[in-house]
Structure formats: structure tokens, C-alpha cells
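If you want the building blocks of each chain, they are given just below.
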Amino acid sequence: MKFELDTVIIEESCRASALATRIVGGIPPAVQVSYVTDGRLAARPLLETHDPFGTGKRRMVVMPRRSSFLMGCPASSTQFACCAYLVLVLASNCPMDCSYCFLQEHLANNPGFQVYANYHDAFDELDRLARAGSGRIFRVGTGELADSLAFDSLTGISRDLVSYFSKHQTLMLELKTKTDEIDNLLALDPRGRTMVSWSLAPMRVFATSEHRTSPPQSRIKAARRVLDAGYQVGFHLDPLIAYPDAEQDYLELLENVFDAVSPKAIAFFSIGGLRMTPGLRSAARQRFPADPMLLGEEVLGEDGRYRTFTPLRLRLFSKLRERIAKARADLPIYLCMETASVHHRVFGAAPLTPAALGSRLVGG
Amino acid sequence: MNSAEVDRRLRHWANAKALPPADVQKWLALSELGRTRLLEIAENLKMHTGQFIAAFALLEEIAIREGQDVGEILACPPLRRVLTSAGSGPGRARALLDELRALRYPRLKHASERLAEAVAAIKLPLGIKIALPRDLASDEVRVEIVAHGSAEMEQLLACLTAKSSEIIGFAAMLGGVDGGLEVE
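Chains as they are written, first to last, in my numbering: chain W, 1 to 364; chain L, 1 to 184.
Pulled out of the complex, with its shape left as it was, chain W reads as follows (with noise of 0.2 Å):
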């Protein structure tokens, strides 16, 4: 286990899960494990704590989720050009600590890591999705609302993903994450259905901004090592950070890229500017004052969101957009959280419907 935890919680109901025994048989001995009649009262925040979000992080614990596990992104919108990733709910909150972080907002009120026992209730709805779907492929990712892989050596839980997804040809799996835990997954045989995808920043951001991932070569060589397994591999620029030298710094990182992973391997790229509310940009600025990514020279947006100011921006996607093209002129880029005039700007022409451009990132 990469990442250290102060406690275990499991929620009585969950005692004799299959889930809840691996973790404790996996855990260091000097983790305390303790037993509760309600999870979701552990997740919520100790307040009495000088960083209750950032001490959620090293609290897990394992419950059932009691809502559907499937939901649409929740960075889709109707103002955006979107690409119909669905999201599948395994856990909530990640033990890296992202300065950028849109979970220090959205997690706020119950930043206990949870992890959910009952995960394999999340096939069924897997099943009626594909039933429902026509033939129609659906990506689906774990990576949203926690990094897919960063306990899995502890959870085991992309055996059984990796395992069900390589038996249904109209579901995509999409494992995303910043580390470079994938022993579990070069074990196995994905038969074409699942895809990791590694969000990628130079190695200042790295250095100053992400904390205990894995550095952004470790990351790639991981993608390395997973194509040769059999899966095919993404890349998220995202949050794209505008500091000075950032133009210089992403494109040697896409070479680093290049070098290791031939573009025609590669699934595509996501590019995504940095994006905060306001209640983030406090939030993150408060856990993170020293931060000088967090400086940059963003304006409030009309959707509310601080951004890099426009031209600026655009002109960092159109700079990573040519430089993927010079490398393969049909892999397939998105970006996100823009609206459909930023995209036509970036590419020069109107962006896809979510549905056909999620088809096409998979191949379709």
C-alpha cells in the first residue's frame, strides 16, 4: 500500500464483505480499525481538525452506497460541449492531495474517503445500461469523484472491473488516475474493454501542486507498460495551468509522451484550462496558501468559474492541439468543460454531440 491511512471505519453492515476483508487483511497493523452503525457519519468532517477535508483523506471508510453508482459527469453541462462520459461511483475523496482540486469543494460536507462494499450492486446497473443502449458503446469511468487506482493494490476492486467489462462489447471502462499502481492490471486480459488514462501536468506543477501522485514520467512509463498489456491508454492536460513557460513546459511533456507511447497507440487526449469557483478557489487557497499555481492570472468567467483570461488560454489549447495533430492528425482530442464557441476557435470547427464524440473516443 503506496499511501498511508490513519484509520479504517467499517460500517457494521459491511463486516463480512468481501471488500471490507481484504482491506483489513491489507492494511499495516499499526492502522487502527474500528466498526460503526452508519458510515456516513464517519465521512463526515472533524471539524474540531485544523484541515478536516485533508484529514478525510486518511480516514477510509468502507460502507454501502445507498444511491446509484452510475451518474452522468458532474462537469457536464448543457453550456459546454461535453463528450457523455458516464461515471461510475466505486469511492469518494483520493489520499493524493491536488492543490486544483474540485473535490475540496464538492467533498466538503463528508470528505471521509468512502469506499463501497456492495460495489458488485454496480453490474446490475452496468447491465440495464447496455440493455437500454441499442448497440450504442458507453465509456464509463471510475476516475471522477476518486483516482480509479490509488488504493487498488489494498481494494482489489479493477480485478472484477476489468474482469466484467472485457465480457461486454458495448461498455468502455475507463480507469483514470495520477499514479502508477497497475500490478493488478497487467495481470489481466482486458479483451479491447478497458482503457487508462493518465492525467499528465510538467513536472513544476507536479512538484509545486500535486501532491503524493506519482511524478508525470512514472506516470507515462505506467502507460507504457499497460498498452503492452493489452489496454489502450488516454491522457488528460488537465487542469492546464497558464503559468510563465507553460507553453514550453507542455509541450516538452508531450514529447515525453511521444517518446514513450506511439501516437498511433493512443486513444486521445482530454485539454482542460483551469477551472474554480469561487468557493474553490478559496478553499483551495486557504489548504494551499503558499501555492503559486494557484496565482495565475485568472478572470471570473461568465459561467462563474475563474479561468485563465481567453486569449491566453486559447491560445495554450490551440498550441497542444497542433503539436497532437503534427503527431497524428486524426487522434482524437476533447476539451473540457468549453463551450462549443471556444472549441470551434481551438479547432476550427463545431464540436461533435456528446454522443458521437464519446462514440469516437472509443473507437467508435
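Simulated from the structure, these hints should not be mistaken for laboratory data.
Check each hint, because a few of them may be wrong.
[Said to hold, decoys possible] To spell it out: a stretch of chain W is covered by chain L in this simulated footprint if at least three of its residues, at any positions, have a beta carbon under 8 Å from a beta carbon of chain L; those stretches are: (1) 109-115; (2) 311-317; (3) 332-346.
[To be verified] Stretch-level coverage of chain L by chain W, calculated; a stretch enters the list once three of its residues show a Cβ under 8 Å from a Cβ in chain W: (4) 8-20; (5) 59-66; (6) 135-144; (7) 169-175.
[As the list claims (entries may be wrong)] Some chain L residues flagged as far from chain W (calculated, every beta-carbon gap over 10 Å): (8) P78; (9) E99; (10) K129; (11) Q155; (12) T161; (13) E166.
Note that the structure is predicted; figures quoted are calculated from it, not measured.
C-beta: ideal position from N, C-alpha, C; glycine also.
Given the coordinates of chain W, assemble chain L onto it according to the supplied hints.
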């Protein structure tokens, strides 16, 4: 002025201006040079409380990003020029805030100035106004025409047509096409 005297005057100023305790604590936590120079601008420019809080916040952000001490930042030539210039205290305080914003958002300031210069250079008549988005926060360019009567409207539309390539150029610049913006 020794350190004890600085702290005494700092507390006096903060008390007189009802400065929030959190800001007072942050002020006292600065280096001696930073405390002293911040007191100097607060007193000399007769800053309002809101102006002081805004200036202090900008200074803190610049200090973190540039890895500099607040006192060093306040010694930079553009800010010293404001401090030593003639004019009313509140007027100079506004000028100081403008300079601090320029230091805090240097590329935005540069791009905004370049765009404004480009708009001014095409010398549109008074009836046509090019409105750029506040803080360049979007890619929207708004063209306003105010005409009194059909003849004036015809004249303005003809002018607009004649200047269309330049106006299209503004829209392109907002979309990241450099066109002299030099944002990177």
C-alpha cells in the same frame, strides 16, 4: 523608525481604520521591511480600509508567486513612482492599486493594452463602439452602433464595412491568435 515604533503606528492605523484582526495579524507577520513599507503607503496615501485590504491581498499574491518579500515589491520603481508622485492621497491610492493589478496580472494587462491600442488605431467614428469583454474573460466582441437618422446609419455601416478586416482581427486576437498580443 525602529521596530517598536512601526508596530505602535501600525496598530494605531489599523485601529483607526477598523482593519479586520486577520489582516492586522498578517501585517504584523511580515518582515520588518514589509511592515514598514506597508505602513508608509497606508499613512502617506491615506488609504481607505477597503483599498488597503485589496492592496495587501495583491501584494501577498505577488510575493508568493514571485518569491519576493512584500517590502521588496513595494520598492519596485512603478510603485515608488506612485508613492512619490504629486496628487491627492486617495487618487494615488487608486493609482497604486492599478499598478499592483498590473504586477499581479502582467500578461492580462499587456494583452488588454495591446487590444485597446489596436481598437484605437482604426479610428472609428463616435457612433461605433467596440466593446471588449471585461478582463478578457470571454471571446465575445460586441460592436455597438448609435445613429440618428438613416443618413448617419448608412455612413456608419459603410465605415464598419471598410474596417471589417481589422474588427475581425480583434475577434481572432481574443481567440488566441497572437496578432501582436504576445501573451506568452
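Hint numbers contradicted by this structure: The structure breaks hints 1, 4; every other hint is satisfied.
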